[in-house]
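Chemist: Sequence:
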Amino acid sequence: MELSTVLSFVLVLLGYLWWKVTRPKSFPPGPLALPFVGNLLQIDFNNFLKDIKEFSKVYGPVYSVYLGSTPAVVVRGLKALKEVLMIRGTEFADRPQNRMLNAISHGKGLVVAPYGQAWKEHRRFTLSTLRNFGLGKKSMEERIAEESIYIIQNFEKNIDTMLDPHFIIDNAVSNIICSIVFGRRYDYDDSTFREVLNLIHENIKSSTSIWAQLYNAFGFVHYLPLPHWKVLQNAETVFAFLEKILEEHKRTRTPGEHRDYIDCYLEELDKEGHENKSKKTFDNHNLFICVADLFLAGTETTSASLEWCLLYMMVFPDVQEKCRSEIDRVRGDRDRLDYEDRVSMPYTQAVLQEVQRFACIAPLGGAHAALKDEPLNGFIIPKGTTIITDLSSLNYDETYWKYPHEFNPENFLNDDGELIKVESFLPFSAGPRVCLGENLARMEIFLFFTTLLTYFEFQWPDPALPPDLTPVFGITQAPKHFKMRLVSRK
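First residue of the sequence shown? That's 1 in the numbering used here, and the numbers climb one at a time after it.
If you're looking for bench data, these hints aren't it; they were derived computationally from the structure.
Do not rely on the hints blindly, as some may be mistaken.
Claimed, not checked - With beta-carbon atoms standing in for the labels, derived distance ranges:
| hint | residue 1 | residue 2 | range |
| --- | --- | --- | --- |
| 1 | Asn47 | Asp397 | 16 to 22 Å |
| 2 | Glu121 | His481 | 39 to 45 Å |
| 3 | Pro35 | Glu202 | 28 to 34 Å |
| 4 | Arg489 | Glu418 | 24 to 30 Å |
From the three backbone atoms N, C-alpha and C, an ideal C-beta is built for every residue, glycine too.
The task is simple: from the sequences and hints, build the whole structure.
Modeler: Right, dumping it as structure tokens:
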């Protein structure tokens with residue numbers, strides 16, 4: 001026998017023995033894992049949605065994989081996902097901790113912090129503060145309307161050119177959350193802010209790469225000059241940008257006056273400074289990570305959603321025209337629509353939801369973990385085990401969609417053209433860890449989208465060369481950069 005054959009046989013044998021030893025009897029089954037590397041070599045981390053779907057065909061809706069020596073449980077399908085996210089959402093509301101997350105967030109903030117008193121207090125405080133600054137109110141609509149003016153002006157400058165809308169859309173969306181958190185907006189030609197946004201997008205993609213997984217799996221990787229360092233360096237640059245904003249707020253704030261989220265948090269720190277420090281959950285480090293979480297989460301998914309909207313409107317011009325007709329009918333002679341107008345616009349709402357379904361912008365949501373050993377689908381999930389919630393498995397399930405594998409707004413409309421609620425549509429996840437910016441994102445997407453279709457027609461520049469709809473995979477799925485032709489309607 002050749003040496004390579006012998007080595008392969010030995011590796012498979014070792015893998016089988018290791019698998020038999022490390023997978024407890026009541027743990028979900030999964031593909032054969034090799035020693036040390038687990039299933040890392042069996043997964044394409046450029047986009048592993050296809051791989052976890054294929055594993056599910058063999059091992060069912062709840063199965064396990066090994067990321068190095070660390071076990072993870074993949075959950076797919078409506079029944080199992082409802083169990084984890086909603087029915088027993090609290091029991092599975094923890095977050096797994098790994099080297100990359102700990103290096104960046106240190107277990108604090110709003111997104112990856114463990115489930116507990118500190119996280120609950122910060123989430124409650126943040127939701128209350130967002131409402132105080134207009135979330136769900138007319139004042140927030142005004143902020144979005146004001147930012148829309150800048151988008152229109154910048155689009156109009158490119159009427160006679162081929163425009164890549166990414167930078168304009170990205171800035172506009174980010175400016176909404178910046179106005180709430182920082183109390184200011186940034187010009188679209190601000191090179192420093194542009195670089196910060198670019199680094200965020202780069203990290204969103206890189207955080208799911210094989211290099212990030214190797215860093216999480218093997219401690220010694222930390223000391224090697226590998227691409228995982230780029231993620232950490234990018235985070236440091238973004239944090240340095242945020243640190244300057246925080247320091248400026250501390251110098252210029254007036255106690256009792258609230259310009260933004262940061263001011264409100266600093267006042268909370270003043271209150272807790274007079275209380276028993278052993279009970280203190282609000283601190284400067286948590287403030288810093290909360291600001292970073294809001295900044296990142298308030299930009300990435302909404303920006304990607306709007307870019308997918310524009311791309312699909314060019315791919316399906318008949319859908320674009322139907323949306324525009326409904327917008328014009330409801331708008332009448334007003335300059336713009338109000339958010340409450342959406343109730344009279346079932347087709348446009350169906351289109352926006354179909355974009356989120358078909359593009360699957362947040363395919364895995366955030367990873368979950370059990371607070372203690374928990375039963376799931378006949379198995380026992382040990383405390384702290386990473387749970388990957390494959391929300392993308394809902395979006396193309398033939399059981400729930402009329403047209404699961406094609407872009408068609410009728411997936412959200414009944415025979416009378418009325419908007420329907422589909423149980424398997426969870427673009428913002430669900431349960432205790434549901435996206436806290438869901439309402440803001442829905443408002444932004446509706447108002448920005450309808451304003452853009454009021455002022456412009458969007459055309460694909462080269463009918464002979466169709467657009468590439470393959471997403472850029474990461475924590476979120478954004479479209480590849482594209483250029484479009486604008487036709488003014490004013």
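Chemist: All hints, please: hold or fail.
Modeler: Hint check:
{"no.": "1", "hint": "Asn47 with Asp397: 16 to 22 Å", "verdict": "19 Å, holds"}
{"no.": "2", "hint": "Glu121 with His481: 39 to 45 Å", "verdict": "40 Å, holds"}
{"no.": "3", "hint": "Pro35 with Glu202: 28 to 34 Å", "verdict": "33 Å, holds"}
{"no.": "4", "hint": "Arg489 with Glu418: 24 to 30 Å", "verdict": "28 Å, holds"}
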